[in-house]
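Engineer: Take a look at the letters that make up each chain.
Protein chains: 2
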Amino acid sequence: MEDPRLRAVSLANTKSFTARLKSHLKETFFPDDPFRHFADQRPVRRAWSTISYFVPILQWMSNYSLTFFSYDVLAGITIASLAIPQGISYAKLAEIPPIIGLYCSFVPPLVYAVFGSSNNMAVGPVAAASLLIAATIQESVSPEKEPERYTYTVITAAFFTGLLQLTLGVFRLGIIVDFLARSTITGFMGGTALMIILQQFKGLLGLQHFTNKTDFVTVVQALFKYRSECRWQSVILAVAFLTILLLSKKLKDKFPKLFWVNAISPLFVVILGGLIAFLVDGANHGIPIVGDLKKGLNPITISHLQFKTPYVSVAIKAGLITGIIALAEGVAVGRSLALLKNEQIDGNKEMIAYGMMNIVGSFFSCYLTTGPFSKSAVNYHAGCKTPMSNAVHALCMMLVLLFLAPLFKYTPLVALSAIITVAMIGIIELHEIHHLFKVDKFDFCLCMSALLGVLFISMKAGLALSFLLSIIRALLYVARPMTCKLGNLPGTDLYRDIQQYPNSKSIPGILILQLGSPIYFANAGYLRERITRWVEAEENAIKEHSGKDLHYIIFDLSGVTTIDNSGIGMMTEVKRTLNKKGIKLALSNPSLKVVEKLSSAKLIDAVGKEWFFLSVGDAVEGCHFVLQEEAK
Amino acid sequence: MEDPRLRAVSLANTKSFTARLKSHLKETFFPDDPFRHFADQRPVRRAWSTISYFVPILQWMSNYSLTFFSYDVLAGITIASLAIPQGISYAKLAEIPPIIGLYCSFVPPLVYAVFGSSNNMAVGPVAAASLLIAATIQESVSPEKEPERYTYTVITAAFFTGLLQLTLGVFRLGIIVDFLARSTITGFMGGTALMIILQQFKGLLGLQHFTNKTDFVTVVQALFKYRSECRWQSVILAVAFLTILLLSKKLKDKFPKLFWVNAISPLFVVILGGLIAFLVDGANHGIPIVGDLKKGLNPITISHLQFKTPYVSVAIKAGLITGIIALAEGVAVGRSLALLKNEQIDGNKEMIAYGMMNIVGSFFSCYLTTGPFSKSAVNYHAGCKTPMSNAVHALCMMLVLLFLAPLFKYTPLVALSAIITVAMIGIIELHEIHHLFKVDKFDFCLCMSALLGVLFISMKAGLALSFLLSIIRALLYVARPMTCKLGNLPGTDLYRDIQQYPNSKSIPGILILQLGSPIYFANAGYLRERITRWVEAEENAIKEHSGKDLHYIIFDLSGVTTIDNSGIGMMTEVKRTLNKKGIKLALSNPSLKVVEKLSSAKLIDAVGKEWFFLSVGDAVEGCHFVLQEEAK
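Those protein sequences? They're chains A and B, same order as listed. For the first sequence, counting from 1, position 156 maps to 156 in UniProt numbering; every step adds exactly one. For the second sequence, counting from 1, position 319 maps to 319 in UniProt numbering; every step adds exactly one.
No lab work stands behind these hints: they were computed from the structure. Quantities reported herein were computed from a predicted structural model and do not represent experimental measurements. One should not assume that every hint holds.
A partial selection of chain A residues facing chain B, derived with a Cβ cut-off under 10 Å [to be verified]:
(1) His24
(2) Thr211
(3) Leu468
(4) Leu476
(5) Tyr520
(6) Ser566
(7) Leu585
(8) Asn589
(9) Ser615
Footprint (simulated), chain B over chain A, 3 or more residues, beta carbon under 8 Å [claimed, not checked]:
(10) 229–236
(11) 372–380
Ideal Cβ positions, reconstructed from N, Cα and C, are used throughout, including at glycine.
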């Protein structure tokens, strides 16, 4: 019998601390290693590559062709047609003048065309963030009493959003967005969409009064309270518009080629509604209209940004919360569309683009913009090729602002409410929620806590609740790593979980445990208890079946990617306790990082180099070998 | 060549959701499975076992013998001699009347004797928590202006501490204490000890005025400001007392059997100092003394607890923070002493005992108590056998309170300061800090951030900073799991990290990646990027060396203990991207939980059952087998 301890485990401790720190920082902040493609280039070329990395227009412009341009023009016009009703509607949600919604589709898309790296994204205001901004800023400034200050505070919030996004992007802290679980976002969006739909009943029923609050109970109470204000003219129009919009949506689902019908249907509804309101003098006959829209491009607002307390603090608060939400939504949309074309997008680079867009936007009367799913999907289906479609979109909006804006004053509120309602129906991902329920009950709970929290407490509470739960879950995972007992699969030298493979055989006198990863301060205590329990259970089983005494414990460390100081302390204690019982400890397949830590803590010498094995099979052979040697 | 796919991976999805939830909750909250020993007993016996589980005195009393008692009496008397100077000193730190420090060594030890399960613990007030309580409660109530209310608020804080500890224990939330990393506690204790030592210069130098603040700069400024008040009488005594105390400590270190010299040296210093102060009328000659101590047992304070705002809120705040700290210290001390005797202690049970002790204590003029290291170590060395030593300790203190307390009024403050200083020197674990620096730089940072935070900002800030860092670290670990490329070790069928084993060989046309655990929402994005980068690097290497095209990717899932919904989404995307490139995906050794999730998400069918393998070796064989079949 050959001594398997000759097949040595690599126990060399080669990497210095700084080298390890460097690689660790790199994996944390540059997981995608964005500069890898031009690491070998010459200095001048590399400088150019780096600049064009941050300003993607320099990259794609050099290969831009007329064919591409024709596609982008088509896509740009299509999204502009969607941008008009969306802009007016979402500005209404944020309780700011509707024209600002149109401004948001002029400057930000231009900026995005320069800095954006996603070929599918179409930028503009979004519903959920609009409502959230309104809810946050209303805590300090009333949109009815101080409409100007309120509007400027909303715009200031966009400035801080941009600053946050730019900072996160530059310092490559996109990792923060990673911690907003997809389930949290699904639930948050679903809850917000339901809330927005409920609020639209004001417009759909033609009510004059309503509540500013955003929780289910208050909104339903308000609907009940003001139900007598309901106007039949609005209701009729509402039913008609909803039917048109839902039918065009059905049409798209059935015939994807006819997506453009769906894309222009909101504009169609707006124009139709405007015509009707104009013809019947709707404003005085139960069909409230948007009201005056000024002609002209975005006024400069840089000098109106609110940097004085208490407005600055509420703007910062609103800016940060909505910034994270907008980022999460934007990056997710960008990523899922890129995937369809098999492209990659760089989250951190996108953050820089969003940051620039919101900062510059806030100087020119724009509030928070990001990449909404509805607009971007239309852009994608319309065949956009590059961010140029955003530039075309911006030019179309410029023409609208310069010449057509006043015409939209006749837009009936009921048309906007119908458009928002149908858009929000699309945002509630019932299918995804059902999938979560089936696959992962905890993810389902995360999702529902966000959804119900948004509906019944407040938007921030729902988001915070779900976020906290997801963090606790991540921490609990670290606190309770898996351990399992391994047995030999008959006819192989493989050792597998005996629970998973009931036909695997225990080795008499040897207990083999697989330890989960990582071994950390947060779980060292738990692992000690758990190992003790495994040993006790094994000893009891031996007593009952009068089997062979327990001589060895083998820890399979294959899955342990790292161990910290408390973990090493725990291992030392466990070793001491086991030795007192006359049980020897063997370790199998420690990874590089674990070897480094064990060796600097001198635990390798304490355990003995000869008790480190390359595989569980080797370790078992080794234990048998020593037993035989001792028997001789 | 045999098709290795015949050796099937266990892909059965057997456990129901409730069964999984149950086992998950059990591992989270009952990792030690405390009732496992009497699960098979008959009902009456089981009820008795359960009661005596919560009231351990019922367990150990039945086997109690006279020999045990003689040991416990000796230990009890020894710790009582330590409790007098410690009680007075720590009460001074908390800025409450010194007599309360003595009360704390009467009622709480009695309660602990009934509910406590650690045979080595001796309970009483502790320095760090005393200072922390004072710092927190002074924010709202001034000890100079409203001494009575201040004292009652401190006692009320102990009530809330007890409530917290009891709740945590009953609901088995000991897991919260797990998240206070050992490094954080080391740093916090070290910083607090340094701070307390600095503050002792007031007593050592005989100053009349000083600051209440607990940050380095203010304390040093105060020392400088009041330096002219320094009295030579106090300084002489300080030097003498420090010498005695330090010598007795050295003696114990050299001759562990003489531990009792060290244990009674504080009492000796107190008596000697008292005699001197009495003889020379110290109070009027530069040796400030403690002052009046009333004779008599603890007055009942239950009706004085402060349940009115704003006092109740500051009491709750102080109670919660110090409660967690006291728990962490107590449980750690209990555990490390138990380890020396190879016993186990149950953290959750200990929490219940601490909770009872603090709640009952707060009804009888006691402030926060826990298991201080100094006292418990003396108890251990004095040969205590059961919690009975605490009862003896309490009886001794009863006699002191009834008959001797007034004698201690002559105790010079300088003696107390000397005792505290020497005790605090013992708490600064320089050796541990050096060990941290060598083994784990991040643990060292955690430790130093707590230490410097306590010194230069505030105790709470230091603790919070270090705690937050440790949470971020735990989260970052989850966010950036390890991945590595595996190669074949020549002459074996083992596959190991090619970075760790540079002699391992890549298999042409196959890329083998080991994925770290868990695959989660927080890292799904990262893993996707990282896998893409591995594939790209492999393709580039193939291009350069004009090697064989990449046909297969094998993910070794041995170390992946769980996967959530986002992780499954990531795997699906990666599979799709790879398939578009013409690369097949194979999975090796998925664990039970992963199989469950993959199967409920229908990913097993998407990948194909035949692409799941038991080991990497099997997977490689499987890929070769298919390649050959295709070639035929």
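Engineer: Compare the structure with the hints numbered earlier in the document and write down the numbers of the violated ones, lowest to highest.
Structural biologist: 2, 3, 7, 10, 11
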